[in-house]
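Colleague: Residue-level listing of the chains:
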Amino acid sequence: MKDELLRLGLSLGEAMMQAGAEVYRVEDTLARLLQKTGAEEVQVIATPTGIYLSVTLQGEVHTAVKRIGRGSIDLSKVCELNALSRSVGAGAYPSDVLRDVKTILTRPPEYAKWQQSLLVAVAGGAFALLFGGGVVEAFAGAVGALLVQVICAGLGTLGTNRFLVDFAGGGTAALSALLLNLAISHKTDLAIIGAIMTLVPGLLLTNAIRDALSGNLLSGTSRLLEAFFVSISIAGGVGAVLSLWRSLGGLI
Amino acid sequence: MNTAYLLITCFVATSSFVMLFDAPRRAVVYCGITGTLAYGGYLAAQGYGLSPVVAAFLGSTLTGAVSEYLARRQRMPAIVFITAGIIPLVPGASAYYAMYYFSLGAYQQAILYASMVLYIASAISAGLAVGAVLRRRVRA
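Chains as they are written, first to last, in the numbering used here: chain A, 736 to 987; chain S, 5 to 144.
The hints are simulated quantities; they were obtained by calculation from the structure and are not laboratory data.
As the structure is a computational prediction, the values presented were derived from the model and not from experiment.
Idealized CB from N, CA, C, for every residue including glycine.
Treat the hints with care, since some could be wrong.
[As the list claims (entries may be wrong)] The following label-pair restraints were derived from C-beta to C-beta distances:
id	chain 1	residue 1	chain 2	residue 2	range
1	S	Leu-116	A	Tyr-787	40 to 48 Å
2	A	Leu-983	S	Ile-12	34 to 42 Å
3	A	Thr-798	S	Ala-8	51 to 59 Å
With the rest of the complex left out, here is chain A (with noise of 0.2 Å):
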């Protein structure tokens, strides 16, 4: 039973962290599921980079850690199993509940990989109109934004560290409009700036102001520094393309 309830609890947490879910939400979800499934008190602790949690049962306690490592996110699965923890009724029991973790764990993504490219490359000509592009920007933004997500795809089965994916698909996102130019001539700079648009860390900034809100300074902080670095990775890849460039005799 108490392996269960732990197995059942981290599995969980590390899900919906993974997913993109705020800490509050999670440590929340946690708490509410494993009391109904029999725990009589949980603590939890839930941060980026790993989850606590404590249960008692028959007035002992029992606590197991997990280090939690990068996923991707997954707002569906967010709200899924948020849902999920509600709708379970009081006395479930913790394997049966894990079971439907899992079923939805192992969902087949929202998008298919299809439809996601098409998708990234919407955004990026839309980004691109909206700061001022016609249709030719609007062009070369989709292209430069399917190219970043290929790259940013590719070197993220390959386990390269998340910093440097970015740095990348800043890089891709100048040179594919760069070179772009010097077939199509048009804005280089709102190509660009609609390629990064889809690079750029939303999640991450909301989820650590609403987790310094909550009170989990430790996670707002950390996140906080995370959305920096990673702004800071991608206009570092831009900026590297674009001296390189001009050092190279090219015109921007």
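Starting from the known structure of chain A, fit chain S onto it as the hints suggest.
Modeller: Just chain S now, kept in the frame of chain A:
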């Protein structure tokens, strides 16, 4: 006409952006609406002559309020809508121009844009904070 064009573009951009984060299908339209409202507020504030920083603050406060309302209505976590709302406010263009001027060696211009990025990002954070506090007031 120009504003309508910008708002429609914004709707497309934000809704496709949240889909990259695997936002649930039934939330996507609301995400687009949140983003469009936030950007509309941002544009309106700038139209009244307010600085981009104040405009971003108002836009993200609006995002916070709308997102909390939608979260309760749709029974979904508010972050789904907030992520969509702040995206059009994010100072991507300023960040680019900062790097552009750095690469030119025009450090004064570069610092100008870089500090703009910091100010706007802080304004967005502050707006979200206000939105969250308002919500707690309402709930308590």
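Colleague: Now tell me if each hint is right for this structure.
Modeller: Hints, one by one, checked against the model:
Leu-116/S and Tyr-787/A have their C-beta atoms about 45 Å apart, which keeps the hinted 40 to 48 Å range intact. Checking the proposed 34 to 42 Å range against Leu-983/A and Ile-12/S shows it holds: the Cβ atoms sit about 39 Å from each other. In this structure, Thr-798/A and Ala-8/S meet the distance hint of 51 to 59 Å, their C-beta atoms being roughly 58 Å apart.
Hint check: no violations occur; every hint is consistent with the structure.
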